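Chain residues, written in single-letter form:
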Amino acid sequence: MQLTIHLSLLLFWPLALAVLGATGPRRAAPAIALVGALVPLGYAIVLLFDYVPGKGGLQYVTDDAWIDALGIRYKLGVDGLNLWLVALTALLFAAAALWVFLRPVERPRLFTFHLALAETAVLGAFLAQDLALFVLFFDLMLVPFYFLVGQWGSGARAEVVAATYKLIIYTLVGSLLMLAGAVATAVLSADGGPVSFVLTDLVEADLGVSTQRWIFTAFALAFLIKMPLFPFHGWMPDAYRTMPLPVLAIFSGVLSKVAAYGFLRIVLPLFPDAAKDFQSLILILALLSIIYGSAQAFTQTNARLVLGYSSVAQLGFIVLGVFALDPEGRGAQGAILQMVNHGLVVAPLFLIIVLLSERSNGSEDITQMSGLAFRGPVLASLFLIVALATLAMPGAANFVGEFLILLGLFETKLAIAVIAFTGVVLASVYMLRLFIRTMHNRPREGTESREISVGDALVIVPLVLAILAFALYPQAALTASEPAVKAAVQEVVR
Amino acid sequence: MKGPTIDWAAISPLIALTTGACVVLMAGLLRPAFVRRAIVPGMTGATLGIAVGLGIWQWGENVSVISGALRIDDLTLALLMIFAAGALAATVLSGRSLAAVEAGQGEYHALLLIAVLGMVVLAGATNLVSLFIGFELLSIPLYVMCATELRRATSLESGLKYLIVGSLGSAVLLYGLALLYGATGSTDFAAIAEAAGGVEDDVLFLTAIALIVVGLAFKASVAPFHQWTPDVYEGAPTPVTAFMAVATKAAAFGVLLRLFDTALIGAADVWGPAFATLAVFTIVVGNVGAIGQSSVKRMLAYSSVAQAGYMLVGVVVSTRLGASALVFYLIGYTVMNLAAFAVVVARERETPYGDDLRALHGLGAQRPWLAWPLTIAMLSLAGFPATAGFFGKIYLIEAAVDNQYTFLGVAIVLGSALSLAYYLRVVAAVWLAAPDESPAPAPLVPAIAGGSQEADDEAGIRQRLVGSEQLEVVILAVVCAIATVGLGIYPEPLLDVAKDAGAALTGLL
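Note that the protein sequences, when read in sequence, are chains A and B.
With the numbering used here, the residue at position 335 of the first sequence is 339, and numbering never jumps.
With the numbering used here, the residue at position 389 of the second sequence is 392, and numbering never jumps.
The following block holds chain B by itself, in its conformation from the complex (with noise of 0.2 Å):
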């Protein structure tokens, strides 16, 4: 008897998430706390290394695997590179963080890189079941990540907040797969694809549309289903939440992407106009309600929904330049975005403002190297030129404008247009205003009486960050602002990615 066939060399980057995780998670039970510390970080950095290595081995392979319930294709190998990117820089903002401490080392990572693994399983399924396995697998240890200060209220808050919402919007997703089955009779993507044609008037069919519209738009903080992003970006420890922003939001339209441009592909005219207005709604709620928010998280959250809104556009046009200009701004993204985010932690550890837009004043005469990165990125993210945004914008608007959106363009470049009001704010703090002088406000962490484990760890981390410069959170943020300024500038290599990974949806134009 002959079992089936594996491609094992495809699904390499899957089997190394895999075991990195378990080996990461097994060596956190290690008693000394160096291996702890140091060991640990780095075999997830290494398992993260060795998956993008794969993953570019396996590079214009584009192979189905597992009968057909997955696709490693470039648009997968892509996005893996987003995952590991923010995953990477999750790491190392949490180096010398209370979340990865009282988590204990290994859960923490194992939970990142399982939730990698999920985002990865997501991206590159073609089979409801294998994109619902995906879902799941990514937002539980997203769930759990985003509750790791245990001492900070706000933080289980998020935690909660985010299980409870997560959960209905995996239920409307589950709901929308099952009747999508019923509808078409098949849970695979292509013959999906084949029988959408006939169901295009069937209520089940619409309904099915319509709640995984609705379940994927809460994983993509899409308005008016974003409630959630700003409380759970601002309550979970800040290098979950740059982990989120970037890499859960890139999953979310990878799955968006190879779900509605290829098994619904036959459905546009059912789902354009909608995923059309709901761009336009996103594009404005996010960039209004960022406006007048003093926790740069909560600012960052809302300016996340309306990212959310322009990348929803190249999702509507559904064309190969949509797809590929998707692609390119999500790489765009996930650089400018952890540049900012680098800089916030560094802040918060920094001063006693936490988030708070205070804690950034003065910052361009205090520390330069923190200041222009979070310039550049600001500046990347309202879209100025020369930065990675800028072309991230015009391949948007070139996507839009060529499949006749150009309403959507035009919406686009308004809601840049509104967004400045609220990225030059931070400009404005880094470069002019003066660093605040008013009395501190109370440590939001009460000191413990009576020693535990943790309060012990806490302080010595306070300890070991009075009087640190946290090179490597400043190293990132310098790393992420060239990488943004290296986009806006020469852009064509990662034109080419993102060129390659839009052709990998074959049913499109």
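If we strip away everything but chain A, and leave its shape as in the complex, we get (with noise of 0.2 Å):
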């Protein structure tokens, strides 16, 4: 008999410890929220080696009646689809946690419980099998990012408050049209019967093709908006300038994936139809972002709007795989990849950001910033890496992502593949001319050249070893994620 209560734990575990670290003493916080952090990371970490691949379906599944009366139920479970983006939300927030811990931040106590808030909606809104649940996590993530860009955000007070109305109630409005969308769905899925939220019951019924249509806009909309893709991406440079910026290494790393994520566990299987009827729509949104978002970062000189654009752009490549749309579901297999890619690269890129603006008098504008690799080989090399890895050179595994999402779209839609080939060359533009300008040329009056300290290096060097571990084995993913994403498709292509 298999233990059901894993997944609770590894869930609510970094909640019940920041609950009690907000409790106790204030120095004692980071480190309660550091063990918080760290549990669930070894978890994920056991999970990854002792989860089954190959074998369908999912495991470790928790399913408890929750609300009956509304139909709703308690039901997590791990499959290919979110197992290795439970262990990427771990890994993140663990590093995020052990950066709040070696560089204390202004009260710690609601930082921390914020921070392990924010983590445990991630782990729920990836580990929900009800829709509910999902919707619930889902908009249950919103809440402690509000405090944290409020009340942590760097600027003016003003611009502060803006850059926080404008994320929450951009994301919120999508969040709740879902919210209506996924009760919609439920309700006319019973079709009379009693009502259930639980994501296998509502992919068994048949939903009409123009009911489909409008719940599917719904989610997309929420999606897409968290994501974000061009047009919808408003909220995302002021939100990016203000947040701090281990938040923000998160919040890049882990929350758009959350978005991507739900299109292939909610809206392929559940809307089948209409994900096939807006296929094109999408993949022309996805499009746009991939040459709007490369455009902008580079042409953008502050470096938080240089990833945050970088990420609108390997959003939209994401988007391409989920709607690929290819049989083989190879397409849907590179997005997954490159969401743990992109995952990976980003977090340590922002925190890289915090090094080379301290390194320039503070200033995160890249023309305010040259020749920081003079003295600091070791912080240049890790950048070069993970600079590297952003931009798809062979070898690393997002050139492994980003061709399989290529590969599943010629098979598919030959046109915008071929347009889409010209978004993997201008990443190689952005991302070079950010790590140019920075690390290359003499110092400029002002910077100081200094080696990564040892603090710094025992967040980021993990982070740089993980990028390299799995540029080495992508397969592992791969191989895990083959039968649930396969079914995903399916249920669309069929």
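Among the hints, erroneous ones may be present.
[Stated by the list, open to error] Rough simulated footprint, nothing fancy, chain A against chain B, three-plus residues with beta-carbon under 8 Å:
(1) 381-392
(2) 398-409
(3) 423-435
In case anyone wonders, no lab produced these hints; they're calculated from the structure.
Bear in mind that the values here come from a model prediction, so they are computed numbers and not experimental data.
Cβ coordinates follow ideal geometry from the N, Cα and C atoms, glycine included.
Hey, can you piece these two chains together into the complex? The hints should help.
This is the structure we're talking about:
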């Protein structure tokens, strides 16, 4: 008999310790939060090894009655779609917790509490196998980030508050529509019978095409705003400019993936006909995101925005993969791989920006940075590895991911795949520009090239090692995700 | 000769409230200040507790009493719990307020209990006559209570405004009830339901329905009959506002449910579209009106209008699911609003800014025990997950979609999206703003030369508040916040209550 409590432990451990930390002494809070983040990481690593790849269906399922009256069950499970994303989440939150532990923040108790609440919410969204539970965690993710941006954001007070509003209102409008869509899905699928929000039940039911279309729109809107994809990125620049960087590392690394994952977990299996109808539209949006994001990324001078817009472009690729809808599911597999890859590279990049700006008088403008590699070869090497991985250098796992995405797309939409190829080239332009501007040339006046400190290396090196490990063996993620991805795509292609 | 049988057990909550009101009134006449300040509120609380206890005892009995004029069923009793919770909170919040002192403790608390009695009668009414009696019995004490801060012009204005608008509402309602009797030939709900099928196109009948809708819409602050709400809520003493916001609303929706979903269910095609339109209109008006309000009480007033719009959806769908969803939403609405009002009361007394948003600036750093309940209340009102508001909305949307009113479900979520603009403004004031250092406005109450008993009392109350933590208010806020989160994590027990209450409406699907 298998224990069913594992995922609940993984899910609620950070929150439980955060509550403990919030009520305990101020100085102990970061340490308690670190324990709160490291245990799930250990759990996730064990899960990676213990997981049986190739077996279809969910593993480690927890399925308990929760709210019978509404047909909502507390159902968690792991399969190929979310296994690696759960591990990524645990890793990035652990890195952030370590960062906060090593570099004290103001009001540490509240900060770590919100961070842990965010971890629980994100893990919940990944693990949930019940539509209402997913929506609950998806919306819950916003609450801690609202406070993290609002209270610890950098910049003038009024700007921070404005950025917070934009972030919340943009994303919650989408989420609330999704709530209506989710309830409608469950009620209409029940068709007079008992209502159930459990995903496996909902997949069975057949909704009419017109119903599927409007519900698909609600879900797609929520996800596209969350990612964000062009033209729904209006909240992104302000939020990225103000968010504290360790928080931004998580936000950019994980939250956007929840949205992309939502497409695979919910939208494709539940609304297959609508997904097929809207395929071209979404692909075009993704393509525009790649082009627009890349163009912005090599014109912006704020390092945060360079990375922000590069994420828009990268997410464009991920969505291309999800909606490639090739029968083999290669595109979607590439998308999953790319989700993990992007999370792995973007988090250390944002942390490196902290180091760069510390060496350039606190400026985050890349025109103010120069020659930072001069006395910091280790820092420069770490940055270079991450930068090369981001631009999908052959040998990096990102290369495999993008390759699979384009391979899938070639089968179904040749024209779009050809244009998307240019995106790969654009990525090298903006990443190399970022690297050269900041690290090469002579040091400017006011910049001070310094080696990475041991404490900072303690956070960044493990992330870089994870990138390298993944580059050597991306197969691990692919074999695990294959059956689940195929099942998801087959719903549509069939 | 044999007298009529009286089901004493079923009407025992009503008897408890009536007796309690009389005893409290008498006790208020006693001389010692201790009796008035401690015993009277204590007895009020005890009365409410007994009424609730008797209500729990009668749970599931579902009987009609007083020859069919009243129905004491699970719906009535569930609403009784909400009224009692609101009244109990008002008692706690009034503990240090001027309102209770100036009105004389006995009168104030007796009026409170009588209002609760009226609400129970209204919620249980199955006859047009008992409906109107309940309606007036709840309204008249509230007119007085709004004006109990005698020395504050806005309180008097609020009372007067409520009296005038409320009376108009009553008159319209009474006219409607009379016409309904004319059209169907009966005042009994069951008989009306039977007759309603035959007179669906009758002008008299349609006019009656229109007038009744208007009359009850006044009380439930459904737009466009909501205009009194912000002024009255702002002017009334805050504990009274809190009571009105939760209990009056619950009572109004109780009677809407029972009248329209049992007596007039046959004419659902007639009033359904009208209510659906009103619901959408109310959601828009309430949410738009709340944006930009700097007085927290006015903001909560408009928010209550918007919430009335959401709740109206539960009536429109005219299914048991809808009724249950509405009752559950009312329960959640009660706890989250009480938490918010408790914080407003505490800050009104602690800062010179009254109920202005500035009073909340920097609350997160200064008073976390008030800041968290307010934050939770706001997030819950906006429908964030892990709070009562989230499941309340899911339930209402489920009911709407279930009976082909999907657009109302969409209206609810769009309204919630709009509502973020003002709910988050409060949260931002609490956590993101620095405490306001600008000079305080002059006190609203001018000092009165020449001693009077009331002025002394007033000074005494201000004295007692200096340096006080207002522990009872904080506890109330925290308890309500915990309940809000509790309902958002494990709503099952109260969903059962709501289900029973919905099932009590026998005529529905």
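Evaluated hints:
With 5 residues having a Cβ less than 8 Å from any Cβ of chain A, the stretch 381-392 of chain B passes the three-residue criterion, so the hint holds. With 6 residues having a Cβ less than 8 Å from any Cβ of chain A, the stretch 398-409 of chain B passes the three-residue criterion, so the hint holds. Using a Cβ-Cβ cut-off of 8 Å, 7 residues of the stretch 423-435 of chain B lie near chain A, which meets the minimum of three, so the contact claim holds.
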